[in-house]
Amino acid sequence: MKVELRFFAGVREALGVANESVEVPDGVASVGDVRAWLRTRGGAWAETLAEGRSLRMACNHEMTDPSRRITDGCEVAFFPPVTGG
Amino acid sequence: MTRVRVQEADFDISTEVAALRADNPKVGAVACFVGTVRDLNEGNTVQAMELEHYPGMTEKALEAIAGQARDRWPGSDVLIVHRVGKLLPLDQIVLVATTAVHRGEAFESCAFVMDYLKTQAPFWKKEKTEHGEKWVDARESDDAARARWDPESKKGAGA
Numbered sequence: 000m001k002v003e004l005r006f007f008a009g010v011r012e013a014l015g016v017a018n019e020s021v022e023v024p025d026g027v028a029s030v031g032d033v034r035a036w037l038r039t040r041g042g043a044w045a046e047t048l049a050e051g052r053s054l055r056m057a058c059n060h061e062m063t064d065p066s067r068r069i070t071d072g073c074e075v076a077f078f079p080p081v082t083g084g
Numbered sequence: 000m001t002r003v004r005v006q007e008a009d010f011d012i013s014t015e016v017a018a019l020r021a022d023n024p025k026v027g028a029v030a031c032f033v034g035t036v037r038d039l040n041e042g043n044t045v046q047a048m049e050l051e052h053y054p055g056m057t058e059k060a061l062e063a064i065a066g067q068a069r070d071r072w073p074g075s076d077v078l079i080v081h082r083v084g085k086l087l088p089l090d091q092i093v094l095v096a097t098t099a100v101h102r103g104e105a106f107e108s109c110a111f112v113m114d115y116l117k118t119q120a121p122f123w124k125k126e127k128t129e130h131g132e133k134w135v136d137a138r139e140s141d142d143a144a145r146a147r148w149d150p151e152s153k154k155g156a157g158a
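Chain order of the listed sequences is A and B.
Under numbering that gives the first Met the number 0, the residue at position 84 of the first sequence is numbered 83, and the numbers go up by one with no gaps.
Under numbering that gives the first Met the number 0, the residue at position 96 of the second sequence is numbered 95, and the numbers go up by one with no gaps.
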């Protein structure tokens with residue numbers, strides 16, 4: 000399944016990438032799975048996307064929790080808690 | 000009608016409010032909130048600020064917040080203008096203007112929109128201080144402010 004990844008703010012800087020198209024392996028079915036799969040890249044990925052880190056996730060432009068199912072071609076974003084206003 | 004804009008340019012509150020309530024004699028109250036850049040945050044002197052957002056999602060999130068406010072206070076209207084890019088102390092960051100028949104709804108709707116915007120809209124501030132650049136941390140008090148609008152909230156603000 001193809002997923003469009005987007006990273007913002009401190010997460011983008013820590014990973015050194017703003018967006019990336021990836022083919023996720025079978026078994027990666029939710030936004031939380033994507034996060035866990037990206038951690039297996041190690042280094043900054045393991046650290047920045049670690050379970051304990053306070054991260055927000057979005058799927059197709061909607062804030063979501065890790066259980067959200069992903070679909071082919073969906074856009075999944077990871078970013079820090081927001082600080083606008 | 001909902002009006003939501005994300006832009007680098009500054010805004011003029013009088014022009015915005017005039018447009019918001021134009022040709023609507025049912026409006027008896029307008030409440031406005033303007034967020035501005037402070038020159039001091041957590042003890043550091045802020046020289047400049049960079050505002051990043053998530054194009055596409057930001058507009059959707061703001062539309063959703065404005066829609067919730069309009070549903071909650073029928074007959075009210077909402078305008079949100081949020082700036083992005085480089086900002087300096089004294090600059091305006093955000094405008095929320097709400098209209099209603101009476102002041103109570105206008106005030107509440109305005110506070111509701113800001114409390115949701117602070118926790119739900121994908122904007123991030125990076126401050127430039129004498130110690131370098133730093134992403135601003137989210138505040139727990141902002142989550143608490145948003146939670147007071149939940150139906151089960153004991154404080155029951157706006158309920």
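FYI, nobody ran anything at the bench for these hints, they're computed from the structure.
Hints may contain errors.
Pairs of lysine-lysine residues, derived as DSBU-like cross-links and limited to a Cα-Cα distance of at most 35 Å, are as follows [said to hold, decoys possible]:
1) B:Lys127 / B:Lys85
2) B:Lys59 / B:Lys25
3) A:Lys1 / B:Lys125
4) B:Lys133 / B:Lys59
5) B:Lys59 / A:Lys1
6) B:Lys125 / B:Lys85
7) B:Lys25 / B:Lys133
8) B:Lys59 / B:Lys85
9) B:Lys25 / A:Lys1
Cβ-Cβ distance ranges computed for the label pairs, FRET-style [what the hints assert, rightly or not]:
10) B:Val100 / A:Glu61: 40 to 46 Å
11) B:Glu49 / A:Glu61: 33 to 39 Å
12) B:Asp142 / A:Pro24: 55 to 61 Å
13) B:Ser140 / A:Glu12: 21 to 27 Å
14) A:Glu46 / B:Asp142: 35 to 41 Å
15) A:Cys73 / B:Asp38: 50 to 56 Å
16) B:Arg138 / A:Glu50: 19 to 25 Å
Where is the CB? At the ideal position from N, CA and C, for every residue including glycine.
A quick look at each hint next to the structure:
no., hint, verdict
1, B:Lys127 / B:Lys85, "holds (10 Å)"
2, B:Lys59 / B:Lys25, "holds (28 Å)"
3, A:Lys1 / B:Lys125, "holds (32 Å)"
4, B:Lys133 / B:Lys59, "holds (27 Å)"
5, B:Lys59 / A:Lys1, "holds (23 Å)"
6, B:Lys125 / B:Lys85, "holds (9 Å)"
7, B:Lys25 / B:Lys133, "violated (46 Å)"
8, B:Lys59 / B:Lys85, "holds (22 Å)"
9, B:Lys25 / A:Lys1, "violated (50 Å)"
10, B:Val100 / A:Glu61: 40 to 46 Å, "violated (32 Å)"
11, B:Glu49 / A:Glu61: 33 to 39 Å, "violated (25 Å)"
12, B:Asp142 / A:Pro24: 55 to 61 Å, "violated (35 Å)"
13, B:Ser140 / A:Glu12: 21 to 27 Å, "holds (26 Å)"
14, A:Glu46 / B:Asp142: 35 to 41 Å, "violated (25 Å)"
15, A:Cys73 / B:Asp38: 50 to 56 Å, "violated (42 Å)"
16, B:Arg138 / A:Glu50: 19 to 25 Å, "holds (23 Å)"
When the structure is compared with the earlier hints, violations turn up for hints 7, 9, 10, 11, 12, 14, 15 and for no others.
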